[in-house]
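Chemist: So the chains spell out like this:
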Amino acid sequence: MRIKFKLNGRKVELDVPPGRRLLDLLREDLGLTGTKEGCGEGECGACAVIVDGKLRLSCLTTAIQVDGKEVLTVEGLARDGKLHPIQEALVETAGLQCGFCTPGFVMAAYALLLENPRPTREEVRAWLSGNLCRCTGYEKIVDAVLLAAEWLRNRDG
Amino acid sequence: MRKTGPVEIVKPRDIAEAVRLVKEGGRPLAGGTDLFVRIRKGIENPPFLVYLGELPELQGIRLREEGAEVGAAVTHAELLRSPLSARVPILRLAISALGAPAIREMGTLAGNLANASPAGDGLIPLYLLEATVRLAGPDGEREIPVEEFVLGPGKTALRPGEIIRSLWIPFPEGKPLSYFRKVGRRRALVIAIASLGALIWLEGDVIGKARLALGSVAPTVLRPRQVEEALVGLPLEPEALRPAAELLSRATQPISDLRASADYRRKVAGNLLLDMAISLSHRD
Ligand SMILES: Cc1cc2nc3c(=O)[nH]c(=O)nc-3n(C[C@H](O)[C@H](O)[C@H](O)COP(=O)(O)OP(=O)(O)OC[C@H]3O[C@@H](n4cnc5c(N)ncnc54)[C@H](O)[C@@H]3O)c2cc1C
Ligand code: FES
Ligand code: FES
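Note that the protein sequences, when read in sequence, are chains A and B.
Following the working numbering, the numbering of the first sequence begins with 1381 at its first residue and continues without gaps.
Following the working numbering, the numbering of the second sequence begins with 244 at its first residue and continues without gaps.
Derived from the structure by calculation, the hints contain no laboratory data.
The structure displayed is predicted, hence computed values, not measured ones.
Treat the hints with care, as some may be off.
[To be verified] Here chain A is said to cover these stretches of chain B; the calculated rule only asks that three of the stretch's residues, wherever they fall, bring their Cβ under 8 Å from a Cβ of chain A:
1. 275-283
2. 288-296
3. 331-345
4. 462-468
[Unchecked claim] The list that follows gives simulated cross-link-like pairs (lysine-lysine, DSSO-like), each with its CA atoms no further than 27 Å apart:
5. A:1386 to B:284
6. A:1434 to B:254
7. A:1449 to B:510
8. A:1391 to B:254
In this text, a Cβ means the ideal position worked out from N, Cα and C, and glycines have one as well.
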């Protein structure tokens, strides 16, 4: 089928089977490999993206489900060559090691801060419960999200 | 999906077309958080899927005087953001324990129900509130209680071509206390070892009426009515509820599986009732 959607602010239109996974569509058809495949079954969060402002797992989303929608991936966060504050904060707190899980955490944190700009540590932890990281032990990732929340609040007044 | 190549999916324009496509053998698809996983694991291989998630007639939550009608395409996250979840705390408690944020953003309450898992967290409030299921099918519409809709693990009363149109959730009378807890290993994602939801109406210092619903301890979510009756007249204190907890353990029909043995599940069920008494009597 012919599907049209907005990807990181740009219109895309392509012919794909309606049941093609959004994950494959992004990585293979469109060459955006920032979105990662961990489990392929909804358990790890590595494939998380934002669709119409809401967090989704691209491994459990198909092409037909994003037709006409706005999709945001980790590639769409940087502005004018500058990392997004969530990404900056992860660097600052050393919230990543191998980095495989990082795009998923970044997108999950992005969705959290859209909904709740002032989360508590416990709320951040609970929110990130759908993302797995085998390296960091999570605490520095939580630190980063709290730091990014503070930066964003200062920036956006 | 990767194993079998992309699955065929069609998007109907309205309920009538959806019903026709499902009658032809298409499988309803809402959020896909159950169905895509099962297809990927090779547990199921439906000929094609009928995507209901964006059908206009299945959207939205309509609040009425006596209850709320929840469209079959309403996601868990939408429910949590709606005034309904503030009005009915048991719904909020159970649904916020279901999966993680992305799963709640994608998955629907109707999908959770149609999946008919004895571990389905969303089923607990539906049983407690005595919700009904509004169905649309080739022979028109009908409405049946949730307890008659779920027949066994993965088995429902859906007839060929029928889809869930909405769920009717009656508001409970008065102001019952609400309790929900699931015991599992990893908080957000685990499908429970056992779970207990409860609505407790106090009369003075004692329990005037109680509804209990247990997950993962029987082939379907369980309403142990003899235990509900045994609670009437008792103070809401763990010591007083000990015999009822034992009765509850005996009322369960758990299985042993990879997650827990039947004996352990039975014990957990009884302990959850004591935990309920502790946490509700310490409320402020
Ligand atoms: C990582 C992960 C964690 C999870 N954690 C939990 C958890 O903690 N607790 C829990 O209860 N569940 C959990 N689930 C299961 C799942 O997310 C829920 O059951 C969810 O509510 C299913 O809804 P859906 O819209 O995604 O259903 P789908 O996958 O789209 O459909 C599920 C079933 O319902 C049928 N169906 C859907 N809509 C209709 C309709 N309108 N009419 C007729 N049939 C219909 C489908 O044909 C299918 O058989 C988890 C799943 C994953 C992947
Ligand atoms: S790859 Fe999608 S959740 Fe793991
Ligand atoms: S940094 Fe390696 S998995 Fe998270």
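Chemist: Just to be careful, I want the Cα atoms of residue 1391 (chain A) and residue 254 (chain B) compared with a cutoff of 27 Å; is the pair within it?
Modeler: holds (22 Å)
Chemist: According to a criterion of three or more residues whose C-beta lies within less than 8 Å of a C-beta of chain A, is the stretch 462-468 of chain B covered?
Modeler: violated (count 0)
Chemist: Check whether the Cα positions of residue 1449 (chain A) and residue 510 (chain B) lie no farther apart than 27 Å.
Modeler: Distance of about 48 Å is beyond 27 Å: violated.
Chemist: Does the alpha-carbon distance linking residue 1434 (chain A) and residue 254 (chain B) stay inside the 27 Å limit?
Modeler: holds (21 Å)
Chemist: Count the residues of the stretch 275-283 of chain B whose CB lies closer than 8 Å to any CB of chain A, then report whether that count reaches three.
Modeler: holds (count 5)
Chemist: CA of residue 1386 (chain A) to CA of residue 284 (chain B), is that 27 Å or under?
Modeler: Answer violated: residue 1386 (chain A) to residue 284 (chain B) is near 31 Å, above 27 Å.
Chemist: Are there three or more residues in the stretch 288-296 of chain B whose C-beta lies within less than 8 Å of some C-beta in chain A?
Modeler: holds (count 3)
Chemist: Counting residues of the stretch 331-345 of chain B that have a beta-carbon nearer than 8 Å to any beta-carbon of chain A, does the count reach 3?
Modeler: holds (count 4)
Comparing the model with each numbered hint stated earlier shows that hints 4, 5, 7 do not hold.
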